[in-house]
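Going line by line, the protein sequences match chains S and U.
Residues in the first sequence are numbered consecutively from 1, following UniProt numbering.
Residues in the second sequence are numbered consecutively from 1, following UniProt numbering.
There may be inaccurate statements among the hints.
FRET-style restraints, in silico, Cβ to Cβ [what the hints assert, rightly or not]:
1. U:Glu150 with S:Phe32: 45 to 55 Å
2. S:Pro381 with U:Asn355: 42 to 52 Å
3. U:Asp393 with S:Pro33: 30 to 40 Å
Sample of chain U residues at the chain S side, in silico, Cβ under 10 Å [said to hold, decoys possible]:
4. Thr157
5. Leu274
6. Trp302
7. Val448
8. Glu477
9. Cys482
10. Lys523
Since the hints were derived computationally from the structure, they do not count as laboratory data.
Glycine residues also receive a C-beta, built at the ideal position from the N, C-alpha and C atoms.
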Amino acid sequence: MIGMLKNSCEVILKELKHWMTPEKVKTSIRTFPSSAEIVPEPLGVVLVISAWNYPLLLSLDPVVGAIAAGNAVVLKPSEIAPATSSLLAKLIEKYMDPSFVRVVEGEVDETTALLQQKWDKIFYTVIAGLLGNGRVGRIMMTAAAKHLTPVVLELGGKSPVVVDSNINLKVATRRIIYGKWGLNNGQACISPDYVNALKTELEECYGKNPMESEDLSRIVSSNHFARLSRFLNDDKVSGKIVYGGEKDEKKLRIAPTILLDVPRDSLIMGEEIFGPLLPIITVNKLEESLDLIISGEKPLAAYVFTTDKKFKEQFVKNVSSGGLLVNDTTLHLVVDTLPFGGVGESGMGAYHGKFSFDAFTHKKAVLYRSFAGDSSLRYPPYTDTKKRLMKAVVGGRILGIIRALLGQS
Amino acid sequence: MKSLCLGPFLAASAPVSSRAFGSHLTRKCFHKPVHFHSRSVVFSSISCSATLSVSPEIEEKHIFDGEKANLLVRELRKSFDSGRTKSYDWRVSQLEAIIKMLEEREKDIIEALYKDLAKPQFEAFISEVSQAKSSCSEALKELKHWMKPEKVSTSITTFPSSAEIVPEPLGVVLVISTWNFPFLLSMDPVIGAISAGNTVVLKPSEIAPATSSLLATLTEQYLDNSAIRVVEGAVPETTALLEQKWDKILYTGSARVGRIVLAAAAKHLTPVILELGGKCPAVVESDVNLQVTARRIIAGKWACNSGQACISIDYIITRKEFAPKLISALKEELEQFFGKDPLESKDMSRIVSLNQFARLVKLLDEDKVSDKIVLGGQRDEKKLRISPTIILDVPEDALVMQDEIFGPILPIITVDNIEDCYSIIKSRPKPLAAYLFTNNEQLKKDYVDKISSGGMLINDAVIHVATNGLPFGGVEESGMGCYHGKFSFDSFSHRKSVLYRSFDADSSIRYPPYTPQKGKLLKALISGNIVQTILALLGWS
Numbered sequence: 001m002i003g004m005l006k007n008s009c010e011v012i013l014k015e016l017k018h019w020m021t022p023e024k025v026k027t028s029i030r031t032f033p034s035s036a037e038i039v040p041e042p043l044g045v046v047l048v049i050s051a052w053n054y055p056l057l058l059s060l061d062p063v064v065g066a067i068a069a070g071n072a073v074v075l076k077p078s079e080i081a082p083a084t085s086s087l088l089a090k091l092i093e094k095y096m097d098p099s100f101v102r103v104v105e106g107e108v109d110e111t112t113a114l115l116q117q118k119w120d121k122i123f124y125t126v127i128a129g130l131l132g133n134g135r136v137g138r139i140m141m142t143a144a145a146k147h148l149t150p151v152v153l154e155l156g157g158k159s160p161v162v163v164d165s166n167i168n169l170k171v172a173t174r175r176i177i178y179g180k181w182g183l184n185n186g187q188a189c190i191s192p193d194y195v196n197a198l199k200t201e202l203e204e205c206y207g208k209n210p211m212e213s214e215d216l217s218r219i220v221s222s223n224h225f226a227r228l229s230r231f232l233n234d235d236k237v238s239g240k241i242v243y244g245g246e247k248d249e250k251k252l253r254i255a256p257t258i259l260l261d262v263p264r265d266s267l268i269m270g271e272e273i274f275g276p277l278l279p280i281i282t283v284n285k286l287e288e289s290l291d292l293i294i295s296g297e298k299p300l301a302a303y304v305f306t307t308d309k310k311f312k313e314q315f316v317k318n319v320s321s322g323g324l325l326v327n328d329t330t331l332h333l334v335v336d337t338l339p340f341g342g343v344g345e346s347g348m349g350a351y352h353g354k355f356s357f358d359a360f361t362h363k364k365a366v367l368y369r370s371f372a373g374d375s376s377l378r379y380p381p382y383t384d385t386k387k388r389l390m391k392a393v394v395g396g397r398i399l400g401i402i403r404a405l406l407g408q409s
Numbered sequence: 001m002k003s004l005c006l007g008p009f010l011a012a013s014a015p016v017s018s019r020a021f022g023s024h025l026t027r028k029c030f031h032k033p034v035h036f037h038s039r040s041v042v043f044s045s046i047s048c049s050a051t052l053s054v055s056p057e058i059e060e061k062h063i064f065d066g067e068k069a070n071l072l073v074r075e076l077r078k079s080f081d082s083g084r085t086k087s088y089d090w091r092v093s094q095l096e097a098i099i100k101m102l103e104e105r106e107k108d109i110i111e112a113l114y115k116d117l118a119k120p121q122f123e124a125f126i127s128e129v130s131q132a133k134s135s136c137s138e139a140l141k142e143l144k145h146w147m148k149p150e151k152v153s154t155s156i157t158t159f160p161s162s163a164e165i166v167p168e169p170l171g172v173v174l175v176i177s178t179w180n181f182p183f184l185l186s187m188d189p190v191i192g193a194i195s196a197g198n199t200v201v202l203k204p205s206e207i208a209p210a211t212s213s214l215l216a217t218l219t220e221q222y223l224d225n226s227a228i229r230v231v232e233g234a235v236p237e238t239t240a241l242l243e244q245k246w247d248k249i250l251y252t253g254s255a256r257v258g259r260i261v262l263a264a265a266a267k268h269l270t271p272v273i274l275e276l277g278g279k280c281p282a283v284v285e286s287d288v289n290l291q292v293t294a295r296r297i298i299a300g301k302w303a304c305n306s307g308q309a310c311i312s313i314d315y316i317i318t319r320k321e322f323a324p325k326l327i328s329a330l331k332e333e334l335e336q337f338f339g340k341d342p343l344e345s346k347d348m349s350r351i352v353s354l355n356q357f358a359r360l361v362k363l364l365d366e367d368k369v370s371d372k373i374v375l376g377g378q379r380d381e382k383k384l385r386i387s388p389t390i391i392l393d394v395p396e397d398a399l400v401m402q403d404e405i406f407g408p409i410l411p412i413i414t415v416d417n418i419e420d421c422y423s424i425i426k427s428r429p430k431p432l433a434a435y436l437f438t439n440n441e442q443l444k445k446d447y448v449d450k451i452s453s454g455g456m457l458i459n460d461a462v463i464h465v466a467t468n469g470l471p472f473g474g475v476e477e478s479g480m481g482c483y484h485g486k487f488s489f490d491s492f493s494h495r496k497s498v499l500y501r502s503f504d505a506d507s508s509i510r511y512p513p514y515t516p517q518k519g520k521l522l523k524a525l526i527s528g529n530i531v532q533t534i535l536a537l538l539g540w541s
């Protein structure tokens, strides 16, 4: 994650001059003679509210974008990752210009106080919690509405993985495992949420006793531990656990767990899981998986493993999600030429790479004219001749223009 | 199909002429014209103490409430889910239908605009019909190109892979339009929504009832009704629509209502484009071609819907010693354009409603202002006309310097140094447009650099929005998001990131168990550093 952040900065440093240059655009005959450009300018003072699952990355990545665009920034890290929050406050004070970049630590009260102010943009990464990130996203956007503040909302959703049968199974399952448990033990907003799949290779990755494995993150808090336990304790899913299921409340650990064919109306299928539990839904025909996904809310990411070209095309065409990855999971977020953001319930706006710069920029349209070539055609009094001529000019028909000039059309 | 549509008669607003029923209605009567899924016009009145002699076309009472709005959205969502609007062919068919509509019904459109605003034919054609046609033509020409996924480069970190950004429609969108350019500001966003493959509901402004009614009729006649619909009405209808879940909303109007729209959208996490307004300043240096400048100022104020435009020049800042020259040039050109009695001129729009008229008169009659009038000030309440009026050096706290004027009153503020303009402009919210008239290159550079606004135009006014390559939108209080040209397509699209990988070359370094060697190699790969990668592979770094 630190590597990703460093890469982000390096890309920005390399490209910034280019991004800051106004972009020349073509003008039409309507404004001839003229020249036009789009001038990127900073919005002003922006607020970044970060999340706890990748507390460093999700704090600094947007902050870096805001700074690149020339804004002053206030960062509010998540209190659910207190060590990182405190470290961020110290490091930013030490390394950055405090008249432009500040950190405000705290919880609900501090966040509320910040949200009452007028910002030029607010960037929220909201995490599934007891409220559900859709609810929190709504609360945030409503607060921003009072000041007409535009927002970027990075939410989440149930990221589905569809697995076809004609694939390299070993590679596919390794990639699914990585995308699910390798990324913060399922506590990533884009990790595969439910999979139409066959088998896994979990043991190879985490050994026979995954609860003891050092390569697996713990659950961030007892609140979230309780939330995840609720999914497992749901009557509808008992008996569906085919792998794992062990929990350790003291260490806040849950083993990689797979559930097979849980009912659609079970708790675990109702909201974003955000934990190491992986439901597998089986279907008779692969196309049914498309219906299943489309019937749900648009997720932040969708994945498909297949070598069938036609199904691949169908999937890309019909599944709407923030991002989509074919034959792998989660990797698309390191491609900074791709915008990272949601759609519908999974969020609005995007960032990464130049999209970060753009997210914190106002693109001001500028048209330059000279005093030469001022046609009286534009101005009142509006005579019939003027009308005819103007019609011909905007129609771009040279013949029409000539005819009008000669008083013929 | 004949359509009869009455605008709502609310308190002291909209005394639209030539309404046969007008004199029969009491002030407490609310009419809600509805064009919803019916072949004939219906309207309902909630509380009406007059007996109406209504035409036989009115059959039943329909109130467009939350339930109806919900049904409408569900119907359009079903249409969208069928996939029809996603196809290139469907989009083209609708855009072509719009062009046909603009060509065949130009006369009706111009007539409606005249009814609503006394908009001169010329202005109506250039600023509304022609603009809409140009938007549509561009969309038709470029659509194939816009719809194509955009390939992007990938790095060694994800090798081997290929990536692209795929534009897709959002779904069901809502366009809430306004009254000053009622045709263009309805059709332009709708054109954008259609070109991006969405289904769309348009809610035109009830304050321009003739255009609203015409839009409803034309949409029903020319466009695919299973995907594109018009809902007429006022606050209750708009509220009912705003309670629904949309995939995007584009609102054109005031900042006050903009906040309401945004708050309503927040309930459904609906992204929004807000096209609002602001006090658009024009700074005039003394080194200009005076005649051309005066003409263009007039074009950007009084010849632009009588100043009732979100981008018309709101106020002017100029040097103290230059002001008299500017005023005299404006006087001269104004007479050229509108004659000696501008209240009688056919080449200027009227004020849209009694409400707006009263508001503007109040601005002029304020004590601090009434003695600063250097030109104009005449008014005709019956005709809803105010003559081109210039006021000189009104105090900063005068009402006319607070909110957007949106009318034919032009304050001129004088300064000693032209650089004083920056503090004046920056003390106000960022406007939708800012203008500068000068030949001084350094001043141009400084102005573009220092002033933030939605858009900017040097040495002219208003026409920058006719450049399709430029985004049209505000910043801060003047709005969020933008459209026009490809920006329309993008605004109504979701740009989905897609990364393609194969099963080849699957390196185990990504996966647990995480060893120190894996860590080093991963670091090198992520930084895209080939040398480091090789070193790590060889176990050297």
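Would you pick out the hints that fail for this structure and give their numbers low to high?
1, 2
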